[in-house]
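Going line by line, the protein sequences match chains Z and X.
Per the numbering used here, the first sequence starts with residue 1, numbered consecutively.
Per the numbering used here, the second sequence starts with residue 1001, numbered consecutively.
FYI, nobody ran anything at the bench for these hints, they're computed from the structure.
Honestly, I wouldn't trust all of these hints.
[Stated by the list, open to error] Derived pair list, reagent style SDA-like, types lysine to any residue, alpha-carbon separation capped at 25 Å:
1. Z:K446 to X:A1083
2. Z:K446 to X:P1024
3. Z:K446 to X:S1044
4. Z:K446 to X:T1015
5. Z:K446 to X:G1095
6. Z:K446 to X:V1050
7. Z:K446 to X:G1052
8. Z:K446 to X:R1089
9. Z:K446 to X:D1072
10. Z:K446 to X:R1005
[Unchecked claim] Pair by pair, the computed Cβ-Cβ distance ranges are:
11. X:G1095 to Z:D458: 36 to 42 Å
12. X:E1094 to Z:D234: 35 to 41 Å
13. X:R1085 to Z:A365: 42 to 48 Å
14. X:G1095 to Z:Q243: 33 to 39 Å
15. Z:G451 to X:E1094: 19 to 25 Å
16. Z:G28 to X:G1012: 51 to 57 Å
17. X:G1095 to Z:D234: 42 to 48 Å
[Claimed, not checked] Derived list of chain X stretches under chain Z, where covered just means 3 residues or more per stretch with a C-beta under 8 Å from a C-beta of chain Z:
18. 1033-1046
19. 1054-1067
All residues carry an ideal CB built from backbone N, CA and C; glycine is no exception.
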Amino acid sequence: MTALPFDLAIIGAGPAGMSAALQAAGLGLAVVVLDEQPAPGGQIFRNVERAAGDPALRGEYAEAGAALVRRFRAMPNVDYRPETTLWHADTESGLLSVKTPAGPGEILARRLLLATGAQERPVPIPGWTLPNVMGAGAAQIMLKQAGAVPRGRTVLAGQGPLLWLLAVQLARAGAAPVALLETTRPGSLRAACARGGLWSGRMALAKGAALMLEARASGMRIIRDVQQLRAEGDGRVQRVHWQDGGAVDADTLLLHEGVIPGTHISRAMGLDHEWDAPQRCWRPRLDAWGASSDAFVAVAGDGGGIGGWQAAVASGAIAALDAAHRLGRIDAASRDARAGDPRAALKASLALRPFLDRLYRPSNAVLAPPDDATVICRCEEVTAGEVRRAARMGATGPNQAKAYLRSGMGPCQGRFCGTTVAALIAETRGIAIPEAGALRPRAPYKPITIGELADLPDEVI
Amino acid sequence: MFATRPDARPPGAPTVEVLVEGRPTVVPEGATAAAALLLAGISSNRTTPVTGAPRLPFCMMGVCFDCLAEIDGVANRQACMVAVRPGMRITRQEGARVAYEDDAA
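Only chain Z is shown next, with the shape it has when bound in the complex (with noise of 0.2 Å):
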């Protein structure tokens, strides 16, 4: 037997997927949850179930993010499925496929809502690959995730609201870092400032701003307008030096230039892109309504550009409303006003977006690596002197330097190099970055066995 589609389908179970389900059961879609994750939440609300309690983690995460996935889990009429990775969508016959657990299936859905939120950004230095340097954002999840902090001398790298928020909750949680590298450029503070919402972005700024007070008032070094970064060490990470001599001592390195989209599933999917150039970063290009070039295919979240949750949250629910209109559920009139609240919301939460992003802009060097020998491919472990030589040998895009180097071709498709080969290509070449392209990822979308292909039912789940 074959079973009804869904009406929409959601893939991530964050803010922005929570949202939009709420919304969307709550106008009587039949609503389909995807997520990888074993627990509702998204990266920034990871396991809030259980974790809501940890002193370390108080504050928005234990109040809104719990409230949240508490409303999701009570919402009856969303088929919600955790541990399940999309690898293909059929965009013309809303054919999903998928692996679970229990062996791989296959849904039918009306529309496809991406849902699937933010990576953090390559920060691609010398030493980056050795064991004990990782992402900031990799930190707070073992925090999220297990309750636990690196042991020893813990060393935060880079710039960005999360970087302070997570040297305070280390702080919290009994480890704090020892040093605090800012990477921001002097002069960015003043520029930021001139981009204006600081009046409607008090909340967010205040806040910001007592993190910074409470990182200092732990002890841990703060020092700014670091450049030139590298992790040195044997078979792990030792110490980290900067530009003049500076240096310090170090049993894990974090490293953090702020998050970029996921833009990995809709790239595979063919949906039309465009560079945002306050961010630095691709996304796809979407209507008011996050609806793509892709009739069958919207984005929500932090996906669709970096908003942060709550931006999040009020895009999922005016993408659900428009899911509804679409399908003939709402008419236009009720659509609009319906989405009233959440376009007031989004403006809101996007008022202080033009400061942090100017602010927090990563510099060229964090884009494209200046030392020839530093890794930009970690899985074929291309360095960006190879990089460069192929563009000087004809290389016009990420794609082509793919084929020459096999930069893209290892496990992560391209999640981690792609922008970076990009930028060096273009810094090479004297052209834009977007000039340059992104690299074009296919199906599946995470690597499957050939066993699980095989397995696929013949009947959609």
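With the hints as your guide, set chain X onto chain Z.
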């Protein structure tokens, strides 16, 4: 090397025992195999196929694939995407996965 904290979970919160390189490792329920690798304190979970360099988990959210490990006999699993189950066997992976056992010889 990571360590859990006693105040992170309520008293009596469930834990799961897994085997990392054959050594019993206790992790909180809800954590992943990659968390178990980091908590076990091993120096690397894999070596790269290209240069044999050691790696440990890097992103913890399914993006970088540095946490590839053998889990319950299946190589090339993203350890950060696999929730721990009691008795799960997590072992290191050397270089690339072999397609057939004969290839390993």
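Verification of the hints:
1. Z:K446 to X:A1083: 17 Å, holds
2. Z:K446 to X:P1024: The given pair, whose Cα atoms are some 30 Å apart, is violated under the 25 Å limit.
3. Z:K446 to X:S1044: 23 Å, holds
4. Z:K446 to X:T1015: Measuring from Cα to Cα gives roughly 29 Å; hence the hint is violated.
5. Z:K446 to X:G1095: 19 Å, holds
6. Z:K446 to X:V1050: 21 Å, holds
7. Z:K446 to X:G1052: Between K446 (chain Z) and G1052 (chain X) the Cα gap is close to 24 Å, so the pair holds against 25 Å.
8. Z:K446 to X:R1089: 22 Å, holds
9. Z:K446 to X:D1072: 20 Å, holds
10. Z:K446 to X:R1005: 33 Å, violated
11. X:G1095 to Z:D458: 36 to 42 Å: 37 Å, holds
12. X:E1094 to Z:D234: 35 to 41 Å: Cβ of E1094 (chain X) to Cβ of D234 (chain Z): about 19 Å, so the range 35 to 41 Å is violated.
13. X:R1085 to Z:A365: 42 to 48 Å: Check passed, 43 Å falls within 42 to 48 Å.
14. X:G1095 to Z:Q243: 33 to 39 Å: Holds, at about 36 Å.
15. Z:G451 to X:E1094: 19 to 25 Å: 22 Å, holds
16. Z:G28 to X:G1012: 51 to 57 Å: 42 Å, violated
17. X:G1095 to Z:D234: 42 to 48 Å: Hint violated: Cβ distance 21 Å, outside 42 to 48 Å.
18. 1033-1046: This one holds; 5 residues, not fewer than the three required, reach chain Z with a Cβ under 8 Å.
19. 1054-1067: It holds, with 13 qualifying residues against the three required.
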